[in-house]
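Asks: Protein chains in written order, with this note's numbering: chain A, 1 to 119; chain B, 120 to 233.
Because the hints were derived from the structure by calculation, they are not lab data.
It is possible that part of the hints are untrue.
[Stated by the list, open to error] Stretch-level coverage of chain A by chain B, calculated; a stretch enters the list once three of its residues show a Cβ under 8 Å from a Cβ in chain B: (1) 11–25; (2) 64–78.
[Unchecked claim] The calculated lysine-lysine pairs, modelled on DSSO-like cross-linking and capped at a C-alpha distance of 27 Å, are: (3) B:Lys155 x A:Lys9; (4) A:Lys53 x B:Lys175; (5) B:Lys170 x B:Lys215; (6) B:Lys189 x A:Lys22; (7) B:Lys215 x A:Lys53; (8) B:Lys170 x A:Lys38; (9) A:Lys40 x A:Lys9; (10) A:Lys38 x A:Lys19; (11) A:Lys53 x A:Lys40; (12) B:Lys176 x A:Lys36; (13) A:Lys40 x B:Lys170; (14) B:Lys189 x A:Lys40; (15) A:Lys38 x B:Lys178; (16) A:Lys22 x A:Lys9; (17) B:Lys155 x B:Lys175; (18) A:Lys36 x B:Lys178; (19) B:Lys215 x B:Lys178; (20) B:Lys170 x A:Lys22; (21) A:Lys9 x A:Lys36; (22) A:Lys22 x A:Lys38; (23) A:Lys9 x A:Lys19.
[Said to hold, decoys possible] Listed below are several chain A residues computed to face chain B (Cβ distance under 10 Å; list not exhaustive): (24) Thr7; (25) Ser55; (26) Leu119.
Cβ coordinates follow ideal geometry from the N, Cα and C atoms, glycine included.
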Amino acid sequence: DTEVTQTPKHLVMGMTNKKSLKCEQHMGHRAMYWYKQKAKKPPELMFVYSYEKLSINESVPSRFSPECPNSSLLNLHLHALQPEDSALYLCASSQDPGVAGGKYTGELFFGEGSRLTVL
Amino acid sequence: GQQVMQIPQYQHVQEGEDFTTYCNSSTTLSNIQWYKQRPGGHPVFLIQLVKSGEVKKQKRLTFQFGEAKKNSSLHITATQTTDVGTYFCAGPGTPKGGYNKLIFGAGTRLAVHP
């Protein structure tokens with residue numbers, strides 16, 4: 001069983017809708033991530049929160065807006081999405097964010113994902 | 120940006136045969152991780168390798184990190200149907216904001232025929 005919980009598991013939305021994806025972890029991890037995964041492709045990094053602050057934004061369009069209300073929660077707010085944004089959105093956490101130049105990059109614990117369909 | 124290249128993209132094996140997937144980088148990696156994603160599932164961490172020439176085993180799985188820390192491999196001995204899934208290697212991409220980020224290889228999809 002995953003210790004990272006994502007809701008909803010499935011979401012269908014129109015291009016004018018506003019919706020949010022939610023992620024929760026209670027492992028005391030200090031880094032949380034959003035990845036996007038299209039079918040038969042690897043997970044693609046979108047955002048990283050380190051110690052509750054946005055540390056990495058991989059040039060994601062502004063129609064995706066992340067939020068980290070506290071160390072256990074991570075949200076992804078969705079607005080005016082396009083059909084090509086349909087994908088599996090994976091939340092992950094790691095004990096610590098890997099410090100640049102360090103030997104270790106945190107082991108990621110993934111949630112089961114939210115499968116998003118944009119009509 | 121830094122990438123890890125992974126081959127093969129797809130492999131069919133008969134149950135009981137061995138399987139190997141390879142990961143290569145043009146630059147030295149500080150570490151490399153391996154994940155498994157079952158069909159319809161989410162990636163699950165398998166292992167992290169840090170040392171040059173490191174070899175680690177988990178039952179039928181053997182992980183290697185090259186001497187130059189530019190390549191890695193995952194070898195499964197005597198595959199079983201439970202090994203079906205996609206195996207990803209992942210390495211630290213170009214750091215950003217003072218932090219490492221994990222970049223996934225393209226993955227190798229393993230199909231095992233009974």
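Asks: If a hint holds in the structure, say so; if it does not, say that too.
Replies: Hint-by-hint comparison with the structure:
{"no.": "1", "hint": "11–25", "verdict": "violated (count 0)"}
{"no.": "2", "hint": "64–78", "verdict": "violated (count 0)"}
{"no.": "3", "hint": "B:Lys155 x A:Lys9", "verdict": "holds, 20 Å"}
{"no.": "4", "hint": "A:Lys53 x B:Lys175", "verdict": "violated, 35 Å"}
{"no.": "5", "hint": "B:Lys170 x B:Lys215", "verdict": "holds, 23 Å"}
{"no.": "6", "hint": "B:Lys189 x A:Lys22", "verdict": "violated, 36 Å"}
{"no.": "7", "hint": "B:Lys215 x A:Lys53", "verdict": "holds, 13 Å"}
{"no.": "8", "hint": "B:Lys170 x A:Lys38", "verdict": "violated, 32 Å"}
{"no.": "9", "hint": "A:Lys40 x A:Lys9", "verdict": "holds, 19 Å"}
{"no.": "10", "hint": "A:Lys38 x A:Lys19", "verdict": "holds, 19 Å"}
{"no.": "11", "hint": "A:Lys53 x A:Lys40", "verdict": "violated, 31 Å"}
{"no.": "12", "hint": "B:Lys176 x A:Lys36", "verdict": "violated, 30 Å"}
{"no.": "13", "hint": "A:Lys40 x B:Lys170", "verdict": "violated, 31 Å"}
{"no.": "14", "hint": "B:Lys189 x A:Lys40", "verdict": "holds, 25 Å"}
{"no.": "15", "hint": "A:Lys38 x B:Lys178", "verdict": "violated, 31 Å"}
{"no.": "16", "hint": "A:Lys22 x A:Lys9", "verdict": "holds, 10 Å"}
{"no.": "17", "hint": "B:Lys155 x B:Lys175", "verdict": "holds, 16 Å"}
{"no.": "18", "hint": "A:Lys36 x B:Lys178", "verdict": "violated, 31 Å"}
{"no.": "19", "hint": "B:Lys215 x B:Lys178", "verdict": "violated, 36 Å"}
{"no.": "20", "hint": "B:Lys170 x A:Lys22", "verdict": "violated, 37 Å"}
{"no.": "21", "hint": "A:Lys9 x A:Lys36", "verdict": "holds, 14 Å"}
{"no.": "22", "hint": "A:Lys22 x A:Lys38", "verdict": "holds, 19 Å"}
{"no.": "23", "hint": "A:Lys9 x A:Lys19", "verdict": "holds, 13 Å"}
{"no.": "24", "hint": "Thr7", "verdict": "violated, 14 Å"}
{"no.": "25", "hint": "Ser55", "verdict": "holds, 4 Å"}
{"no.": "26", "hint": "Leu119", "verdict": "violated, 22 Å"}
Checked against the numbered hints above, the structure violates hints 1, 2, 4, 6, 8, 11, 12, 13, 15, 18, 19, 20, 24 and 26; every other hint is satisfied.
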